[in-house]
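Sequence lines, in order, name chains R and C.
With the first letter of the first sequence counted as 1, position 59 gets the number 59 in my numbering; the numbers rise by one all the way through.
With the first letter of the second sequence counted as 1, position 17 gets the number 17 in my numbering; the numbers rise by one all the way through.
Just so you know, the hints here were simulated from the structure itself, not pulled from any lab data.
Hints should not be assumed to be uniformly reliable.
Stated by the list, open to error - Which chain R residues face chain C? A few, computed with CB under 10 angstroms, are given here: (1) G7; (2) I8; (3) P34; (4) W35; (5) T53; (6) W60; (7) N110; (8) L135; (9) D142.
Here the structure is a predicted model, which means the values were calculated and not measured.
Heads up, the beta-carbon is just placed ideally off N, CA and C, and yes, glycines get one too.
Protein chains: 2
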Amino acid sequence: MNDDPYGIRDGEIAIELPGHFDASLYFIGRIRTPWKKREDCPKNARESKAECTIELDPRWATGLTGVESCSHLVVLYWMDKSRRDLVLQVPHHYRVGRGTFALRSPARPNPIAMSVVRLLGVEGTKLKVVGLDCLDDTPLIDLKPYFASTDSAPDAVVGWHTEQKR
Amino acid sequence: MNDDPYGIRDGEIAIELPGHFDASLYFIGRIRTPWKKREDCPKNARESKAECTIELDPRWATGLTGVESCSHLVVLYWMDKSRRDLVLQVPHHYRVGRGTFALRSPARPNPIAMSVVRLLGVEGTKLKVVGLDCLDDTPLIDLKPYFASTDSAPDAVVGWHTEQKR
């Protein structure tokens, strides 16, 4: 049965959210992608070779000084269409309940997505990148330089995911 | 001269912050580290072999289901002691102005840090990890599984940083 307007599935668990928030965010720009509906988005960023454009609000323009020298960036963005109270989720294709913190699902207490993108170029406050899979007009929260020395873990394993593929 | 209580340096540029926030966060736990003062923290996470403990609020405990199968996690946390209006910063050891989005400085419009950690073990709502460099009691915002396929870019280059080391 799926009679919840936000779409909770059989086997999923929602908890009561805290009564107050603890911190607040500015949206500092928007992400332009080819995808207008969630079902059009690539299932994950690896499958996408699409060029997307990050449009930073001009207020923060000076913050881009030096960004053009980075080959890759960490992009944080806000998935504002997601419920925040799910702790156990049943991903569409898998049918097994997984904890929210073992998933990259947009439904999480703080719906912040993290993507690693390849930077193609910077023109004014617009950045052309490859590696995003989000909806068009997604709010931008942060951009960071990607340091291979601390951010790259090529041997990392997600055990439940590896098991599933066998 | 440094007469700003938040510590702006010569050559740094602050802008006027937006008049309102756009979204809000829950702190979902705390990070326990050996470092009580900023000057004690390792200069970056790579230099630290220290075991730290992520303490998730029990409300979210079920969200950890399956996390123990991950070798590495993405940790998002809130650097609440930082000013948010700097767009050009002069890092302590470098003396050259860099854009906020070309730096991993805690001073940024949304002071969210991202660290990749190695997971040593999960016990109840406590996670033992290696790879953090933050202050003790730092608020936790999110935990995600680290997927090498999308999150690892071993050849990534931060040009300004490479130049500096020459």
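Hints versus structure:
Hint status for G7 (chain R): violated, given a least beta-carbon distance of 18 angstroms to chain C, over 10 angstroms. At a threshold of 10 angstroms, the smallest CB-CB gap from I8 (chain R) to chain C is about 14 angstroms, leaving the interface hint violated. Hint status for P34 (chain R): violated, given a least beta-carbon distance of 18 angstroms to chain C, over 10 angstroms. With a least beta-carbon distance of about 17 angstroms to chain C, the hint placing W35 (chain R) at the interface is violated under the 10 angstroms criterion.
At a threshold of 10 angstroms, the smallest CB-CB gap from T53 (chain R) to chain C is about 15 angstroms, leaving the interface hint violated. Hint on W60 (chain R) holds. Least Cβ distance to chain C is approximately 6 angstroms, under the 10 angstroms limit. Interface hint status for N110 (chain R): upheld, as the beta-carbon distance to the closest one in chain C is roughly 5 angstroms, under 10 angstroms. Proximity of L135 (chain R) to chain C is violated relative to the hint, the smallest CB-CB distance being about 16 angstroms (cut-off 10 angstroms).
Of the supplied interface hints, the one on D142 (chain R) holds, with its beta-carbon coming within about 5 angstroms of a beta-carbon of chain C, less than 10 angstroms.
Checked against the numbered hints above, the structure violates hints 1, 2, 3, 4, 5, 8; every other hint is satisfied.
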